[in-house]
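Chemist: Here are the chains, one letter per residue:
Number of protein chains: 2
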Amino acid sequence: MNKNPNTEKAKMSTDRKQASGKKIVVALGGNAILQSHQSGTYEEQIANVKKAAKEIVKIIRAGYRVAMTHGNGPQIGNLYIQNSLAGEAVPPMPLDACSAQSQGMIGYFIQQEMLNELSKHNIDLPVISLVTQVQVKASDPAFKNPEKPIGPFHNQKEAELLMQKTSLVMKEDSRKRWRRVVPSPEPIHIVEKEVIKSNIEQGYLVVASGGGGIPVIKKKDGLMGVEAVIDKDRSACRMGIEINADILLILTDVDRVALNFNTPKQKWIDRMILKDAKKYLAQGHFKEGSMKPKIQACIDFLENGGEKSIIGTLFSAYSAIQGKSGTTITKEL
Amino acid sequence: MNKNPNTEKAKMSTDRKQASGKKIVVALGGNAILQSHQSGTYEEQIANVKKAAKEIVKIIRAGYRVAMTHGNGPQIGNLYIQNSLAGEAVPPMPLDACSAQSQGMIGYFIQQEMLNELSKHNIDLPVISLVTQVQVKASDPAFKNPEKPIGPFHNQKEAELLMQKTSLVMKEDSRKRWRRVVPSPEPIHIVEKEVIKSNIEQGYLVVASGGGGIPVIKKKDGLMGVEAVIDKDRSACRMGIEINADILLILTDVDRVALNFNTPKQKWIDRMILKDAKKYLAQGHFKEGSMKPKIQACIDFLENGGEKSIIGTLFSAYSAIQGKSGTTITKEL
Numbered sequence: 021m022n023k024n025p026n027t028e029k030a031k032m033s034t035d036r037k038q039a040s041g042k043k044i045v046v047a048l049g050g051n052a053i054l055q056s057h058q059s060g061t062y063e064e065q066i067a068n069v070k071k072a073a074k075e076i077v078k079i080i081r082a083g084y085r086v087a088m089t090h091g092n093g094p095q096i097g098n099l100y101i102q103n104s105l106a107g108e109a110v111p112p113m114p115l116d117a118c119s120a121q122s123q124g125m126i127g128y129f130i131q132q133e134m135l136n137e138l139s140k141h142n143i144d145l146p147v148i149s150l151v152t153q154v155q156v157k158a159s160d161p162a163f164k165n166p167e168k169p170i171g172p173f174h175n176q177k178e179a180e181l182l183m184q185k186t187s188l189v190m191k192e193d194s195r196k197r198w199r200r201v202v203p204s205p206e207p208i209h210i211v212e213k214e215v216i217k218s219n220i221e222q223g224y225l226v227v228a229s230g231g232g233g234i235p236v237i238k239k240k241d242g243l244m245g246v247e248a249v250i251d252k253d254r255s256a257c258r259m260g261i262e263i264n265a266d267i268l269l270i271l272t273d274v275d276r277v278a279l280n281f282n283t284p285k286q287k288w289i290d291r292m293i294l295k296d297a298k299k300y301l302a303q304g305h306f307k308e309g310s311m312k313p314k315i316q317a318c319i320d321f322l323e324n325g326g327e328k329s330i331i332g333t334l335f336s337a338y339s340a341i342q343g344k345s346g347t348t349i350t351k352e353l
Numbered sequence: 021m022n023k024n025p026n027t028e029k030a031k032m033s034t035d036r037k038q039a040s041g042k043k044i045v046v047a048l049g050g051n052a053i054l055q056s057h058q059s060g061t062y063e064e065q066i067a068n069v070k071k072a073a074k075e076i077v078k079i080i081r082a083g084y085r086v087a088m089t090h091g092n093g094p095q096i097g098n099l100y101i102q103n104s105l106a107g108e109a110v111p112p113m114p115l116d117a118c119s120a121q122s123q124g125m126i127g128y129f130i131q132q133e134m135l136n137e138l139s140k141h142n143i144d145l146p147v148i149s150l151v152t153q154v155q156v157k158a159s160d161p162a163f164k165n166p167e168k169p170i171g172p173f174h175n176q177k178e179a180e181l182l183m184q185k186t187s188l189v190m191k192e193d194s195r196k197r198w199r200r201v202v203p204s205p206e207p208i209h210i211v212e213k214e215v216i217k218s219n220i221e222q223g224y225l226v227v228a229s230g231g232g233g234i235p236v237i238k239k240k241d242g243l244m245g246v247e248a249v250i251d252k253d254r255s256a257c258r259m260g261i262e263i264n265a266d267i268l269l270i271l272t273d274v275d276r277v278a279l280n281f282n283t284p285k286q287k288w289i290d291r292m293i294l295k296d297a298k299k300y301l302a303q304g305h306f307k308e309g310s311m312k313p314k315i316q317a318c319i320d321f322l323e324n325g326g327e328k329s330i331i332g333t334l335f336s337a338y339s340a341i342q343g344k345s346g347t348t349i350t351k352e353l
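As you go down the protein sequences, you meet chains U and Y in turn.
Everything in the first sequence is counted per this note's numbering, starting at 21 for the first residue and increasing by one.
Everything in the second sequence is counted per this note's numbering, starting at 21 for the first residue and increasing by one.
Isolated chain U (complex conformation) (with noise of 0.2 Å):
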């Protein structure tokens, strides 16, 4: 790998800026950086992202262009039960700041971790986090029918007594257990698009529209934060398709994509075509709020200029790049 001609070019660039391959977004899932079985200290976290950090520097090294977006689910499920459990003392934020702050400290882990592997393979990089607003539509149905889960469990009597007392909407789940519910409106634009392009193009590693973006929505006077959270595998196709990128990689906690998933049918995918990708969503093999919304977004980043959608781990990122894991998904064979 050393006598890679990119990771040569990168090294002696002097204008500091990446190769100029393929263009590619990859996704960070947030439960990828703070992981079900894990009770997200801030060490659990920059190990995880020190672990991806090595995957996407293999990227770079074989001399693709990469873009970073990551979730927040953990993360502003954390800042919520914070809020809420310290809510005498402090006032609580509402999900936009809440938002707007994971961005902070996910964007501060990505950045730090990736600087630290570049510089370990003496790529002079510079990475950038930009604080990302994303508008929705105030009429996006999402608002009246809020869908997101976020936060701790309940059970009834708990959910229904915070029903009473607060103006929160709790739903149960498949497993008798209570949450919270927000809306998930569509990503309509990224507010700050030109500038995430123009970091781009100035050949820098940009990492924006963190956690899905900041709710806002336009008013007369302004933008204005609202209380939801935006599907991160959304806002990461509509950036992808926003700064023309090749490939759109989508790193979760599993590996590859299966039908008839947790089923005695279950099969799982290495590669699959749009047309096929299109069928299986519309047959409900992908489930809602999980893979779902990611085949969603492969499916919109082909049918937007996209050349290949990838979903799999963030610890065999490059493999994935390479075909040989996660699951491929491309217009044709």
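Read the hints as simulated data drawn from the structure, not as lab findings.
Heads up, a few of these hints could be off.
Stated by the list, open to error - Partial list, computed: chain Y residues near chain U (C-beta under 7 Å):
#: 1; residue: T61
#: 2; residue: I101
#: 3; residue: Q102
#: 4; residue: Q123
#: 5; residue: G124
#: 6; residue: N136
#: 7; residue: L243
As the list claims (entries may be wrong) - Each computed DSS-like pair below joins lysine-lysine, with the alpha-carbon atoms no more than 30 Å apart:
#: 8; chain 1: Y; residue 1: K239; chain 2: U; residue 2: K140
#: 9; chain 1: Y; residue 1: K71; chain 2: U; residue 2: K213
#: 10; chain 1: U; residue 1: K238; chain 2: Y; residue 2: K74
#: 11; chain 1: Y; residue 1: K238; chain 2: Y; residue 2: K168
Unchecked claim - Covered stretches of chain U (in silico footprint by chain Y; criterion: 3 or more residues with CB under 8 Å from a CB of chain Y, positions within the stretch not fixed):
#: 12; segment: 96-102
#: 13; segment: 109-117
#: 14; segment: 144-151
#: 15; segment: 238-246
Nothing here was measured: the structure is a model prediction, and the numbers come from that model.
Idealized CB from N, CA, C, for every residue including glycine.
Given chain U's structure and the hints, the job is docking chain Y onto it.
Modeler: Showing chain Y alone in chain U's frame:
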């Protein structure tokens, strides 16, 4: 004002650059965004940033090129309280992560309200907040002698209990109130210096080094966050020097600098020359951790190529630039 040539220039600029006038670093005090008499709700902080944005847009319309930074004292204090009170449920994050969270949140507030105010004047200027790491020395004496108070006040009993139970250092203030103290090391290097500079060269309105920057030290295997808070005025000065700014404008919650503050001989100062500022500083006219670091930042800025340093209130920033309010410090009269 509508016929201001610079406004017109901004209005008609196709490449969306700021005017080519003097370069100013504007430092918003965290305690001007979350004021001591306020509880610190989302609405209060947004309203304060809105007021600041009105003033800063006046400065931009007058043809100055503005870069911004901000403090985070009260905000990181609140994050620290939330982390402590929710510690049983959510693993508390250390100060570097909280600092990154505050950069995301306050950067978002500034970005949104600056965009809103700019668009009221048909100025199409991108605003961008950058997650910023600031390097400090592991050998900085501040780590042996933490002095920056943070978070809630305690009585002696509580403080002693906390010191027994945890590794926290608590100190008593002049009013017999106990508070956690943390190291406030000297900023030696802005890690994201190059991207800050290049985005300013692009003509964008850049918000960076929020809260003094995320404190990191350099170890053999790379950058690592530390439990510290960097003084935002010192970092603002460093940023001003790095980007060759002409003016450093420190906006806080007092209108002007005073000699013999809070004494019968108190005297407000409108203008000072560098020599006198250094003399008054040496004479101990300026309060530790309050006006002293601001004056020190103003002096350092002028001694490193700056033309003018100004201290004023958030809400009269434009008149301060004009010399109609605040305290202006220059090399010579």
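Chemist: When the structure is checked against the list of hints, which entries are broken? Sort them ascending.
Modeler: none
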